[in-house]
Structure formats: C-alpha cells, structure tokens
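Please put together the full structure from these sequences, using the hints given.
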Amino acid sequence: MIHIFTITAKNYLSLALTLGQSVARHHPEARFTVCVADGIDGIALNYEHPGHRLLDARDTLPAGTFDDMAFKYDVTEFCTSFKPATFKHIFATEADTELVHYMDPDTRLYSRLDPITADTPTKTLYLAPHLLDCDVADGNPYPEFHHLWEGIFNLGYCAIRRTPAMPLVLDWWDARLREYCYADHVDGLHTDQKWMDYAPVYFRDDLVIIEHYGANVSHWNLIERPLTRVDGEYRAGRNALIFFHFSGFDFKGTALNKYVPKEAQGAYTDGLLTDFAADYRAAVKANGYDTLIQIPYGFARFDDGTPVSKAQRRLYREFVKATPVQRPFSSAGVFYAALRDGALLDRSAAAAANYSKATVSDMDGKLRTVSRAMRWMLKLLGFRRYAQLVKLFSFLGRMENHRFLLQRPR
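Numbering (our numbering), first residue to last: 453 to 862.
Treat the hints as calculated values from the structure; they're not laboratory data.
Remember, predicted model here, so these are calculated numbers, not experimental data.
Beta carbons: idealized from backbone N, C-alpha and C, even for Gly.
Taking CB as the label site, the calculated pair distances span:
(1) 704 <-> 829: 38 to 46 Å
(2) 491 <-> 702: 24 to 32 Å
(3) 809 <-> 573: 44 to 52 Å
(4) 829 <-> 690: 52 to 60 Å
No more than 27 Å apart at the CA atoms, straight line, and that leaves these computed lysine-lysine pairs for BS3-like:
(5) 843 <-> 773
(6) 737 <-> 714
(7) 704 <-> 462
(8) 762 <-> 843
In structure tokens:
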C-alpha cells in the first residue's frame with residue numbers, strides 16, 4: 453500500500469484539494485492525507501474518495517513540542533518542520549503502508565508516480581534535485597546559485613519506504629527540524645530541505661537521487677525539461693510529465709511564477725505554458741481559492757488577538773534558551789510579559805503583515821533619505837568607523853541579536 457500526503461495551512465486548502473483530485477485520478481488505490489497545520493475545525497474535503505482524509509497536525513507532535521514549534525516558526529517554516537513527524541505518524545498507524553510520498557500542496561499529478569520508485573525496491577529515501585544537467589554557461593532564468601542556499605534537493609517532493617534504515621532517516625531529520633527549521637541566510641538554513649544536502653553522505657546506501665525529468669518539474673528546471681504535449685499527454689524534456697510543482701504561482705494574474713523578474717518572464721509565457729498555468733489556476737479556483745485564501749493563519753496571533761510578528765518569533769528563539777516557556781501564545785505567559793515590559797507588543801496592521809515592504813509608504817523616497825544620511829555619516833565618522841558601523845548594522849539586522857530588548861535595564 454502507498455500513501456501520499458501533503459501539509460498545508462487552512463488558507464492553502466484549495467491547492468491541497470486540487471492535488472488530491474489529481475491523486476484520485478492517477479492513483480485511485482492510494483491513501484491520501486492533507487495534514488493541516490492550524491487545525492481541521494470547520495473545514496472538509498469538497499470531494500468524496502475512499503482513503504482520502506484530513507489530519508490535524510496536533511496529532512503528529514507532542515502538545516508542548518507542537519506549541520513551541522508553532523510559535524517560533526513562521527507559517528512556511530512550521531508547515532515544513534513536522535514533515536518527518538507526519539511520515540512517522542503514517543508508518544506507525546498503518547502497518548500495511550510500505551511507501552509514503554510527500555508532495556507540496558502546490559503540486560499536481562499528471563501521471564503515476566511508479567517510475568520514480570519501481571526499479572529500487574530496497575531503497576529508503578527518494579529525493580529530487582532542483583537540476584540534473586550541468587551547463588557551464590548558466591543560462592537558467594532562475595540561476596543555479598539560488599540553490600546553494602535553498603539546497604541541492606527540492607523537498608516539495610520526497611518519498612520514504614519502510615526499510616531497516618527508515619527509522620534513522622526520520623529520527624535524524626525530525627530531531628534537526630524540531631530546532632533548526634528556519635529560513636535563515638546567516639545560519640545557512642532553508643527550512644526542512646537544506647538538511648537533505650547531507651543525504652548523499654549519511655544515507656548513501658539507502659538513497660535514490662531521482663533522475664526522471666518528469667518528476668518535480670518547476671520554473672527552476674524548465675530550461676532542461678521543456679514542456680511539450682504529444683497525443684494529449686504532457687512531456688517534460690525526454691520523459692513523460694509525472695507531476696508539476698507550481699511553486700510561486702501567480703493566482704491573481706496570468707504568470708506561471710510571480711517571483712521571476714520581468715526580464716526573465718519570457719521563458720515561462722509561451723502558448724503552451726500559459727494554457728498549462730491557466731488550467732491549473734482554474735482548477736484551484738474551482739476548489740474555493742478566493743474564499744479559502746482569506747482564512748487567517750491560526751498561529752498568527754496571541755490569544756488576546758495581538759499579532760505575532762516574525763521579529764517576535766526570532767526574539768523567542770533566543771529567549772527560550774534561558775527561560776522555559778510553557779504557553780507561548782498566552783497573553784498571561786512569561787514571553788508575552790517580557791514583550792509587554794519591553795514595549796515590544798504591536799497591534800498595528802504592519803505587525804500583522806510582518807513589516808513587509810508593502811506596509812511602508814514611499815519606499816524609494818525613504819531609501820534616498822537614508823542614503824543621504826549615510827553619506828553625512830561617512831563624512832562625520834570617516835571610512836574606517838563607517839565600515840565598522842555597517843558591520844554593526846549587519847549584526848543588528850537579525851532580531852535574534854536584540855535579546856537585550858527583553859532584559860530589564862540595570
């Protein structure tokens with residue numbers, strides 16, 4: 453028996469449902485689970501299929517561990533942090549399940565997954581690299597240097613088989629993600645997936661590096677896997693398309709990816725890709741995207757309604773090293789009290805939006821003002837002290853290094 457699962461917050465449920473419908477079409481015999489990070493109260497699958505279900509993420513982690521992880525991680529970090537725990541939960545509760553596939557909610561099956569695992573019945577771990585082909589001239593619209601931080605493998609997909617090596621793989625990965633599932637350039641962390649750069653060494657005898665061009669196709673590898681359609685079936689380069697990962701998809705416009713710079717968008721806007729994107733967009737919207745995307749993230753606020761900003765999550769990361777926190781979301785808790793005493797609570801819309809650029813008016817004007825001020829600073833301090841000041845700003849650019857704000861002045 454195989455099991456396919458995804459992890460999402462409630463607001464991305466329409467994407468997970470679209471994935472589930474593609475699973476029902478291409479793997480009708482498989483079990484399929486949508487594990488919902490912020491709970492399953494008030495939601496349901498909008499289609500009927502045997503073996504498809506919703507799972508509350510609280511069922512995969514101990515209560516104290518769950519609350520700590522839900523607080524210290526933002527929504528993306530949190531949804532990836534309990535991925536190995538969900539693998540473990542499925543294997544522990546389903547004795548007849550031998551192979552479990554994980555797929556991000558923004559993926560969609562176009563044929564069966566069998567070619568990925570069929571010829572390696574004794575292997576444990578299956579990982580898909582972002583890229584397969586080496587090209588001296590990096591002409592990719594999404595340059596390969598991005599993956600030096602993101603990781604060699606894309607963990608929007610992975611599969612694990614029940615073998616003697618399976619417990620070690622999952623226990624190691626789970627232990628790392630309990631503490632280090634941040635997206636943090638300085639620490640070299642990229643949620644759950646950067647850790648798997650160790651896999652070719654740690655699990656070299658149990659690992660399959662997926663070389664099928666139709667597995668985990670996305671904007672970052674379309675240059676080596678151009679999408680075509682032959683006799684009504686999609687192909688990715690030399691192979692049949694198994695599944696496409698619609699990472700960074702544009703649901704409001706017509707683009708395949710909203711983060712690729714305008715000058716590179718031409719690589720993703722030919723007629724076939726535009727129609728391909730439109731078909732996926734229509735399928736997701738038919739599953740209630742416009743309504744579901746408005747659902748607030750369940751762990752975005754303290755229990756009194758005060759927003760939890762990413763800056764506060766990063767302060768918490770340091771705070772708990774010295775002070776145990778039992779109820780991080782409680783307005784009666786020790787961490788909330790430390791924020792209140794330090795005047796670090798913020799109920800503004802900007803805090804709820806994590807102080808994004810969209811919450812700052814006239815960004816270009818403000819940058820020009822700062823630039824002028826820094827020029828004056830250079831004249832006042834001289835280049836040596838100016839360079840030292842910039843290094844200080846770099847240090848203070850991480851909220852983790854502002855733990856002094858939570859300490860009472862002496």
